[in-house]
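Trainee: Hey, can you work out the whole structure from these sequences and the hints?
In my numbering, the protein residues as written are 548 to 865.
I should point out that these hints are in silico values taken from the structure, not numbers from a laboratory. Note that CB positions come from ideal geometry on N, CA and C, so glycine has one too. Treat the hints loosely; a few may be bogus.
Claimed, not checked - Listed below are the simulated PhoX-like cross-link pairs for lysine-lysine, each with C-alpha atoms no more than 25 Å apart in a straight line:
no.: 1; residue 1: Lys746; residue 2: Lys771
no.: 2; residue 1: Lys865; residue 2: Lys684
no.: 3; residue 1: Lys711; residue 2: Lys771
no.: 4; residue 1: Lys684; residue 2: Lys711
no.: 5; residue 1: Lys684; residue 2: Lys838
no.: 6; residue 1: Lys701; residue 2: Lys640
no.: 7; residue 1: Lys701; residue 2: Lys851
no.: 8; residue 1: Lys640; residue 2: Lys814
no.: 9; residue 1: Lys838; residue 2: Lys814
no.: 10; residue 1: Lys711; residue 2: Lys773
no.: 11; residue 1: Lys851; residue 2: Lys640
no.: 12; residue 1: Lys851; residue 2: Lys681
no.: 13; residue 1: Lys756; residue 2: Lys711
no.: 14; residue 1: Lys756; residue 2: Lys771
no.: 15; residue 1: Lys773; residue 2: Lys746
no.: 16; residue 1: Lys701; residue 2: Lys814
no.: 17; residue 1: Lys818; residue 2: Lys838
As the list claims (entries may be wrong) - Label pairs and their in silico Cβ distance ranges:
no.: 18; residue 1: Glu633; residue 2: Glu774; range: 15 to 23 Å
no.: 19; residue 1: Lys865; residue 2: Glu755; range: 55 to 63 Å
no.: 20; residue 1: Ser819; residue 2: Gly638; range: 13 to 21 Å
no.: 21; residue 1: Asn635; residue 2: Asp605; range: 33 to 41 Å
no.: 22; residue 1: Val656; residue 2: Lys634; range: 24 to 32 Å
no.: 23; residue 1: Glu755; residue 2: Gly638; range: 22 to 30 Å
no.: 24; residue 1: Gly638; residue 2: Lys865; range: 43 to 51 Å
no.: 25; residue 1: Ala862; residue 2: Val646; range: 16 to 24 Å
no.: 26; residue 1: Gly638; residue 2: Asn784; range: 26 to 34 Å
no.: 27; residue 1: Asn751; residue 2: Phe606; range: 54 to 62 Å
no.: 28; residue 1: Gly856; residue 2: Glu693; range: 30 to 38 Å
no.: 29; residue 1: Gln609; residue 2: Asn751; range: 51 to 59 Å
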Amino acid sequence: MKRKVIAITLTAMMAAGMFAGCGSSDSSSSSTADTTKEASAAETDGSTDGDSTAAGGDFSGQISVISREDGSGTRGAFIELFGVEEKNDAGEKVDNTTVDAQITNNTSVMMSTVAGNQYAIGYISLGSLNDEVKALKIDGAEASAENVENGSYKVSRPFNIVTKDGLSADAQDFMDYILSTDGQQVVSDDGYIAIKDTKAYEGNCSGEKVVVAGSSSVTPLMEKLKEAYTKVNSNANIEVQQSDSTTGITSASDGLCDIGMASRDLKDEEKSSGLTATVIATDGIAVIVNKENPTDGLTSDQVKSIYVGDTTDWADVK
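Mentor: Next comes the structure, spelled out in structure tokens:
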């Protein structure tokens, strides 16, 4: 009898174990299926439809529009290229940048402002772009020197040096170096588009002081050109002063500097004052956002809509 009870008990325990095993297997299969289903859903939610202008999922929040000061050549080129500047009924050009825009007075301040604000959007010289911020694709094209050169990235403008008659010998020599094969190699190495048909530099300088002043976008490149020129001419005395394009142009006109720097073309009234602009490079304008912003790209119309104040929340950028 005792053996019979033990046998029955063992049989019951084995049966229970089998049921438990089956239950565990079913539970495991169900859990795996659920996990796979969740991962698949997550991948679907996080994926894009291949449109490089997608604003990046459920990102929302009031857009902080960051712009440059009125005298900035970068601002002048930006508002023209994106249609933010339009003519009124009288035929006068009007800058329609939203009054809510935060104004920064140079390239580095623009970058640090955008880097410190998750909801910010701004614009800078492409050659000044670093990993502090993220450059957006515009109309599907990545912001790169290569794409500026091949024409697929259309948001670009010239870098000019501005002079008037009576340039000193040393100022002319520095200008000759900038436009030479050696100078244009510096331009290319720094990420800008160099000019074509250059000649070797064969000049020298006497050590007379040369003042170059103006655009904060052109300044970083000019500092590199100064450095390279000084290696060739150890007695060179070049002073680079950073401000903005309009100030640089005015300073050249008034004789306060030898060479002005401008990241825009001269206006008709500036040309009529006896100034000459000479292109030393071509640069793109990068539209930038905070690195935490999931947006990868915008269309030109979307950028305009943001900067004129029609689109004010990232959730509305579709």
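Trainee: Which constraints among the numbered hints does this structure fail? Numbers only, ascending.
Mentor: 4, 9, 17, 18, 23, 24, 26
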